Amino acid sequence: MATDRSIPWFKFLSPPAFHQLVDRLVPWLWGGAAVLAVAGLYVGFFVAPPDYQQGNSYRIMFIHVPAAWMGMLIYLLMAMYAIIHLAWRVRLADVMARSLAPTGALMTALALWTGSLWGAPTWGTYWVWDARLTSSLILLFLFLGYLALHAAASDREKGGRAASLLAIVGAVNVPIIYFSVKWWNTLHQGISVTVADAPSMAPSMFSALLLMTFAFWLYAAAVGLRRAQVEALERSGDAEWARRAILGRVTNEPGGTKTGDTMIRGRRG
Amino acid sequence: MWDGIGDFLAMGGHGPWVWGSYGLMAVMIVAEMLLLEHRRRKVYKLVQWRARTARASERFEKRRARV
Numbered sequence: 001m002a003t004d005r006s007i008p009w010f011k012f013l014s015p016p017a018f019h020q021l022v023d024r025l026v027p028w029l030w031g032g033a034a035v036l037a038v039a040g041l042y043v044g045f046f047v048a049p050p051d052y053q054q055g056n057s058y059r060i061m062f063i064h065v066p067a068a069w070m071g072m073l074i075y076l077l078m079a080m081y082a083i084i085h086l087a088w089r090v091r092l093a094d095v096m097a098r099s100l101a102p103t104g105a106l107m108t109a110l111a112l113w114t115g116s117l118w119g120a121p122t123w124g125t126y127w128v129w130d131a132r133l134t135s136s137l138i139l140l141f142l143f144l145g146y147l148a149l150h151a152a153a154s155d156r157e158k159g160g161r162a163a164s165l166l167a168i169v170g171a172v173n174v175p176i177i178y179f180s181v182k183w184w185n186t187l188h189q190g191i192s193v194t195v196a197d198a199p200s201m202a203p204s205m206f207s208a209l210l211l212m213t214f215a216f217w218l219y220a221a222a223v224g225l226r227r228a229q230v231e232a233l234e235r236s237g238d239a240e241w242a243r244r245a246i247l248g249r250v251t252n253e254p255g256g257t258k259t260g261d262t263m264i265r266g267r268r269g
Numbered sequence: 001m002w003d004g005i006g007d008f009l010a011m012g013g014h015g016p017w018v019w020g021s022y023g024l025m026a027v028m029i030v031a032e033m034l035l036l037e038h039r040r041r042k043v044y045k046l047v048q049w050r051a052r053t054a055r056a057s058e059r060f061e062k063r064r065a066r067v
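Keeping their order, the protein sequence lines are chains A and B.
When you line the first sequence up against this note's numbering, it's residues 1 to 269, in that order.
When you line the second sequence up against this note's numbering, it's residues 1 to 67, in that order.
Don't read these hints as lab results, they were simulated from the structure.
Since this is a predicted model, take the numbers as computed values, not measurements.
One or more of the hints may lead you astray.
Partner residues are not named here, just some residues of chain A that face chain B (Cβ under 7 Å, in silico) [as the list claims (entries may be wrong)]:
| hint | residue |
| --- | --- |
| 1 | Pro16 |
| 2 | Asn56 |
| 3 | Arg59 |
| 4 | Leu110 |
| 5 | Leu112 |
| 6 | Asp197 |
Okay, the calculated beta carbon distance ranges per label pair [claimed, not checked]:
| hint | chain 1 | residue 1 | chain 2 | residue 2 | range |
| --- | --- | --- | --- | --- | --- |
| 7 | B | Arg63 | A | Leu76 | 19 to 29 Å |
| 8 | A | Pro203 | B | Arg50 | 48 to 58 Å |
| 9 | B | Arg59 | A | Asp238 | 29 to 39 Å |
| 10 | A | Val35 | B | Arg63 | 28 to 38 Å |
Ideal placement from N, C-alpha and C gives every residue a C-beta, glycine not left out.
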């Protein structure tokens, strides 16, 4: 029976199951990210040759491009969770969206920083107000605005809903960033990697870029999930499941308090 | 490919930009991980503390009921 083997998605919507899932997944995600990053840096610095025009400054690409991609991808994920949050009132979706935002902001900030340092020797300027750079800066402000709005209301539910709305509306900016190099004249180079076509760069450069991209993905997944786990605990630290998850087994046996922290009375805080 | 460590660090004259990029990225990623771990420990301690106080007040209530 096919249904017997299907993944019980709804099970992971329950906080204790999610908590356990994160504990199990995160070490593998960290490990994978570290291995891929070491491999990517090795290929990027010791196998890939210097660029015939840009020399060695192009090696910034191996972190600039993955960071920029992650910023956009995380934003879209965040907007998707925001839709789920607003449409179905799933609280875990708000936890996920809120947990992705800091990493998305970090990735976007790193993309801007590394882009600026790449632009200096390549274009002769750290910054221009062109379409790609400006829309990326707006993406950073959207992440920060989301976080500020989430924290602004005294009622977390209200703040979360307002922030989700901002996340959804702001999603318009992502395709603008992606296609900005096609739609407007810009200093920024065009799209050199697409799913359909062969990449317009040497294979060793491309493999370093891919390895680093997957490393960033796993890193973001690890940090995002861990932060969601912590956020869920912060929101419901008094719930029975949170105590059970942190302290171990629960007993209702009277007089069983002597054995210390593993004994918790079954009661709601 | 590189002519010793000095050549590697110089990056053909682009060292400051390359290492400025990789350096800040490393610092930010390590900072994010440390901050998150700090936050995790804090909430663990808070939940443990609350469970302990809840247990203590329960014992207190029980003793008072007996008196």
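Going through the hints against the structure:
With its C-beta approaching chain B no nearer than about 13 Å, Pro16/A sits outside the 7 Å limit, and its interface hint is violated. Checking Asn56/A against chain B by beta carbon gives a least distance of about 4 Å; that is within 7 Å, so the hint holds. Here the hint on Arg59/A is kept, as its CB sits about 6 Å from the closest CB of chain B, short of 7 Å. Interface hint status for Leu110/A: upheld, as the beta-carbon distance to the closest one in chain B is roughly 5 Å, under 7 Å.
With a cut of 7 Å, the hint placing Leu112/A at the interface with chain B is violated, because the nearest CB-to-CB distance is about 11 Å. For Asp197/A, the interface hint is violated, since its Cβ never comes within 7 Å of a Cβ in chain B; the closest pair sits about 27 Å apart. Separation of Arg63/B from Leu76/A is about 57 Å and departs from the stated range, judged on CB atoms against 19 to 29 Å. For Pro203/A paired with Arg50/B, a C-beta distance near 56 Å keeps the hint of 48 to 58 Å intact.
Here the CB-CB span from Arg59/B to Asp238/A is close to 18 Å, at odds with the stated 29 to 39 Å. The hint said 28 to 38 Å for the Cβ distance between Val35/A and Arg63/B, and at roughly 56 Å that hint is violated.
Taken one by one, the earlier hints fail for this structure at numbers 1, 5, 6, 7, 9, 10, listed in ascending order.
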